[in-house]
Amino acid sequence: MTEGASGRPPRFDSFTLPAATAARFLLLIITALAASAYVYAWLVGRLAAVSGAPALCADAARSAAGRVQPDRLIDWYGSCQRWANLREAGYIAAMIGLLVAATVTIYLLRPRWIARGTEPVSAVRQVSGPMDVFDAVVNELPDANRVRILVDTASLDGLGRAFGALGRYRILLSVNLLGAGEQDQVAAHARLRTVLAHELAHIRNRDVDLTQLAYAIWWAFLAAAAVPFVVVAVRAPALLLSFSWRLAALLALLYAVRAGVLRTREHYADVYAVTRSSADLGLLASLAGEPGRTFAPNHPGRDVRAAVMANPRRLSALSTPAAAATGALVGIAQPPAFFLARLLLPGNAQVAGWLVGLILGGLGAAALTGSVWRATLWALDHEEARPGTWPSTLALTGGLLAGQLLTPDLPAIGTWRGILVGEPLLGIAIAAMLAAGLHAFFRWTVLCAGTWMPSSRVPVRPYRFGVGQAVIVAAVWLATWFQLVDLLSDGGLRWGVALLALLSGVLNPVLLISIAWACLYPLAGESFSGRRVPLTGVYAASAGTMLLYAAAVVPFYPQLRAALLRSQQPGIAAADALMPIVLILIVPALVTAVVGAVVLGLCAGGRGRTGYAVAATGCSMLISSIGLLVIALAHLTYAFPLVRRLGVLLTGLAGMATTSDAPRNPSLGLMFLLLYGGLLIVGIPAAMAGSGIRALLRPARPRPARRSWQVALLVTPFALVACGFGYLSVTEWVLPPRVSVPVSVDHAAVETILARAGTNTVPLGQACGHLYALYGRMEPAEAVTTGLADRLAAGAAAGLSADDETLNTMGEGTAEALRLSEVTRASSGISAMLQYCAAG
Numbered sequence: 002m003t004e005g006a007s008g009r010p011p012r013f014d015s016f017t018l019p020a021a022t023a024a025r026f027l028l029l030i031i032t033a034l035a036a037s038a039y040v041y042a043w044l045v046g047r048l049a050a051v052s053g054a055p056a057l058c059a060d061a062a063r064s065a066a067g068r069v070q071p072d073r074l075i076d077w078y079g080s081c082q083r084w085a086n087l088r089e090a091g092y093i094a095a096m097i098g099l100l101v102a103a104t105v106t107i108y109l110l111r112p113r114w115i116a117r118g119t120e121p122v123s124a125v126r127q128v129s130g131p132m133d134v135f136d137a138v139v140n141e142l143p144d145a146n147r148v149r150i151l152v153d154t155a156s157l158d159g160l161g162r163a164f165g166a167l168g169r170y171r172i173l174l175s176v177n178l179l180g181a182g183e184q185d186q187v188a189a190h191a192r193l194r195t196v197l198a199h200e201l202a203h204i205r206n207r208d209v210d211l212t213q214l215a216y217a218i219w220w221a222f223l224a225a226a227a228v229p230f231v232v233v234a235v236r237a238p239a240l241l242l243s244f245s246w247r248l249a250a251l252l253a254l255l256y257a258v259r260a261g262v263l264r265t266r267e268h269y270a271d272v273y274a275v276t277r278s279s280a281d282l283g284l285l286a287s288l289a290g291e292p293g294r295t296f297a298p299n300h301p302g303r304d305v306r307a308a309v310m311a312n313p314r315r316l317s318a319l320s321t322p323a324a325a326a327t328g329a330l331v332g333i334a335q336p337p338a339f340f341l342a343r344l345l346l347p348g349n350a351q352v353a354g355w356l357v358g359l360i361l362g363g364l365g366a367a368a369l370t371g372s373v374w375r376a377t378l379w380a381l382d383h384e385e386a387r388p389g390t391w392p393s394t395l396a397l398t399g400g401l402l403a404g405q406l407l408t409p410d411l412p413a414i415g416t417w418r419g420i421l422v423g424e425p426l427l428g429i430a431i432a433a434m435l436a437a438g439l440h441a442f443f444r445w446t447v448l449c450a451g452t453w454m455p456s457s458r459v460p461v462r463p464y465r466f467g468v469g470q471a472v473i474v475a476a477v478w479l480a481t482w483f484q485l486v487d488l489l490s491d492g493g494l495r496w497g498v499a500l501l502a503l504l505s506g507v508l509n510p511v512l513l514i515s516i517a518w519a520c521l522y523p524l525a526g527e528s529f530s531g532r533r534v535p536l537t538g539v540y541a542a543s544a545g546t547m548l549l550y551a552a553a554v555v556p557f558y559p560q561l562r563a564a565l566l567r568s569q570q571p572g573i574a575a576a577d578a579l580m581p582i583v584l585i586l587i588v589p590a591l592v593t594a595v596v597g598a599v600v601l602g603l604c605a606g607g608r609g610r611t612g613y614a615v616a617a618t619g620c621s622m623l624i625s626s627i628g629l630l631v632i633a634l635a636h637l638t639y640a641f642p643l644v645r646r647l648g649v650l651l652t653g654l655a656g657m658a659t660t661s662d663a664p665r666n667p668s669l670g671l672m673f674l675l676l677y678g679g680l681l682i683v684g685i686p687a688a689m690a691g692s693g694i695r696a697l698l699r700p701a702r703p704r705p706a707r708r709s710w711q712v713a714l715l716v717t718p719f720a721l722v723a724c725g726f727g728y729l730s731v732t733e734w735v736l737p738p739r740v741s742v743p744v745s746v747d748h749a750a751v752e753t754i755l756a757r758a759g760t761n762t763v764p765l766g767q768a769c770g771h772l773y774a775l776y777g778r779m780e781p782a783e784a785v786t787t788g789l790a791d792r793l794a795a796g797a798a799a800g801l802s803a804d805d806e807t808l809n810t811m812g813e814g815t816a817e818a819l820r821l822s823e824v825t826r827a828s829s830g831i832s833a834m835l836q837y838c839a840a841g
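Number 534 in this note's numbering belongs to position 533 of the sequence shown; there are no gaps in the numbering.
Honestly, the hints are just simulated from the structure, not real lab data. By construction, the Cβ of each residue, glycine as well, lies at the ideal position given by its N, Cα and C atoms. Check each hint, because a few of them may be wrong.
Computed spacing ranges between beta-carbons, pair by pair [unchecked claim]:
1) Gly770 to Ser80: 47 to 53 Å
2) Asp804 to Leu57: 33 to 39 Å
3) Pro718 to Ala249: 53 to 59 Å
4) Leu426 to Ala750: 46 to 52 Å
5) Leu223 to Asn312: 33 to 39 Å
6) Tyr540 to Ile473: 24 to 30 Å
7) Pro409 to Gly693: 42 to 48 Å
8) Glu823 to Tyr773: 45 to 51 Å
9) Arg314 to Asn140: 30 to 36 Å
10) Leu167 to Tyr773: 32 to 38 Å
11) Ser456 to Arg314: 21 to 27 Å
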């Protein structure tokens with residue numbers, strides 16, 4: 002064990018925090034899920050019972066067309082498609098269930114297979130006589146008396162292995178290790194003690210079950226993958242090459258990750274045997290031998306094992322290959338998992354996308370976050386620089402994007418590959434956004450670990466909570482990125498659509514609340530240490546920003562009154578009327594927020610403290626967003642007497658209207674979201690600039706640590722503000738019926754569009770092509786100018802023009818819904834037509 006830089010014995014060793022073995026095994030689970038989801042989704046799509054279900058719906062719709070009302074046909078066809086989707090999802094789920102069952106079966110049976118032909122020590126003793134070496138070693142290692150030890154009498158050159166399942170562990174030793182009849186009893190004692198200490202370390206480290214499951218997953222997946230491969234070879238040989246190289250890549254990843262689990266457990270067992278059981282380092286390394294292959298061996302080589310035992314720092318370092326593998330597996334798993342979720346949740350694509358993003362993002366973060374905490378604690382305890390994260394960031398980003406490139410196209414599922422091929426610059430920008438977000442996450446994790454670890458006497462406590470909350474934050478951030486990719490794929494690969502997708506991300510309360518939490522968590526931990534960021538400074542900066550904004554808008558009252566008067570004039574578009582008002586109120590808010598963020602960066606930042614300055618700014622911007630919005634509404638009421646009173650505005654926008662003239666639509670939370678997102682965008686760079694200036698002036702001075710009750714008292718106001726912010730924004734975001742967004746239907750324009758369509762004159766393929774062009778490759782400018790109702794009318798016209806009676810009937814139902822201003826039903830009609838076209 003190495004000592005700290007100051008010569009003191011380090012507080013940290015390789016077993017202070019949970020081992021990295023569990024994280025590697027979690028990565029193995031992600032691999033198996035990704036591979037199985039891909040393989041089974043591909044296979045199910047080629048089963049006649051599943052792939053023919055949409056065609057059955059189309060045939061039934063053709064036979065019913067002309068005999069049922071158009072709206073009834075649309076509703077029935079939507080129900081039939083949901084049945085087909087659930088049927089496909091059921092097959093995939095059943096196959097994954099078989100994979101899980103096979104894994105559990107192999108896991109339970111493998112110990113019995115290993116133990117066949119072995120003998121207990123007592124039976125061997127009766128044959129070979131006294132075993133003084135074995136008895137002496139067992140007395141020196143008390144844990145050996147708690148484990149059943151078996152002897153492999155057929156092996157004369159083997160060593161030992163720990164195996165078992167469900168907590169029933171055993172150790173298998175080669176008969177030549179027992180030392181019976183051996184002349185050099187000292188050497189026999191040392192060899193047996195070293196091997197037995199190593200195997201007992203596996204049991205103590207709780208990696209025996211993980212090892213058995215790692216083998217079980219590998220063999221179960223090999224059997225599960227062989228069936229689809231044979232099906233492809235027999236039924237679709239033309240697709241064999243495309244399927245084979247992807248399957249080979251998945252198998253290579255699965256094998257490499259499994260080997261990583263097995264090598265990591267060996268290192269931990271070596272280090273534990275040397276440091277806790279006083280095993281001989283040189284002898285243990287010499288007994289290890291060399292791996293028999295070069296690609297992903299199950300056991301590390303002799304030199305590597307000796308180096309890790311001499312200096313266990315490697316067990317606490319960030320693993321670039323693990324980050325790359327994690328990214329690749331998450332990138333591979335997301336499209337088929339999203340495809341399966343959309344089948345299970347028809348009509349809820351956004352919910353399905355969020356669930357998949359949260360689950361895969363959480364699993365990926367859980368596989369890596371613990372390593373960041375271990376590396377940070379090692380650096381703190383040995384007085385080294387905090388670990389760098391750029392290699393892990395680039396590896397994770399590259400792996401995730403490579404996984405997206407590897408995945409084949411799936412129906413209605415957008416991937417980064419599609420964006421890169423369709424609009425390369427936009428694809429590069431989305432990739433850069435992912436890299437920036439992942440790097441920010443890694444640096445934030447290092448910041449949290451470096452903040453909470455020094456103030457804790459038992460590092461494992463903040464480690465467990467810190468890893469758990471980091472997993473949630475990372476899951477939200479990655480889910481948001483996947484949603485952005487999906488929105489771009491659905492809405493068209495254009496920069497305007499990208500900006501709208503980013504705006505939808507800003508209006509996501511889950512994302513912004515996670516950012517607020519990410520800012521508060523390190524600040525709260527820093528308040529317990531002597532290098533704390535003053536939480537009082539956060540409140541002071543927020544108050545200063547609000548006061549400065551209140552004064553900054555007053556000189557613009559004449560322009561504000563003029564803009565408000567102009568908005569009352571008839572014939573002015575809503576956007577033209579609101580834009581001057583928004584600029585007069587928002588621009589000063591952004592400017593004052595920048596000033597407050599720079600000042601906060603100067604006060605809280607400095608060399609090595611930019612992260613704390615950014616975190617303090619994030620907390621300050623949340624408080625400021627609420628205050629600035631209230632002040633902006635107050636400016637409206639004071640500048641223009643015809644505007645409702647401030648109290649009426651606030652209660653109406655919050656959904657608590659008590660008077661008839663209050664606003665009808667509760668949107669206060671959405672306003673908070675939009676303003677908070679804007680303040681973060683301008684405030685964080687400003688805080689970084691202020692911290693950089695502080696670094697050039699003088700270092701930050703340490704302050705005395707606060708007591709727990711003082712920290713709780715300072716955090717409480719922020720927590721209350723965040724809860725109110727979250728309640729208003731989440732209720733308005735999750736429950737859209739509360740926010741009425743009417744879609745006006747210009748019936749004259751709709752009839753004009755419908756009149757241009759011919760009747761039963763366009764072939765089915767051409768009519769479907771018009772629908773695909775309208776809803777798959779539409780320019781954003783057209784979406785703005787034509788409007789939703791006009792687009793629906795164009796889709797209805799495409800259906801009416803078809804010479805296919807079924808599509809014609811669906812187009813008629815869509816047109817009738819538009820004439821009745823039933824936009825939701827018209828959208829269902831368009832979806833039914835698109836599904837009918839896809840079914841052929």
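Point to revise | Enumerated hints in conflict with the structure, sorted upward | key: 1, 2, 4, 8 and 10
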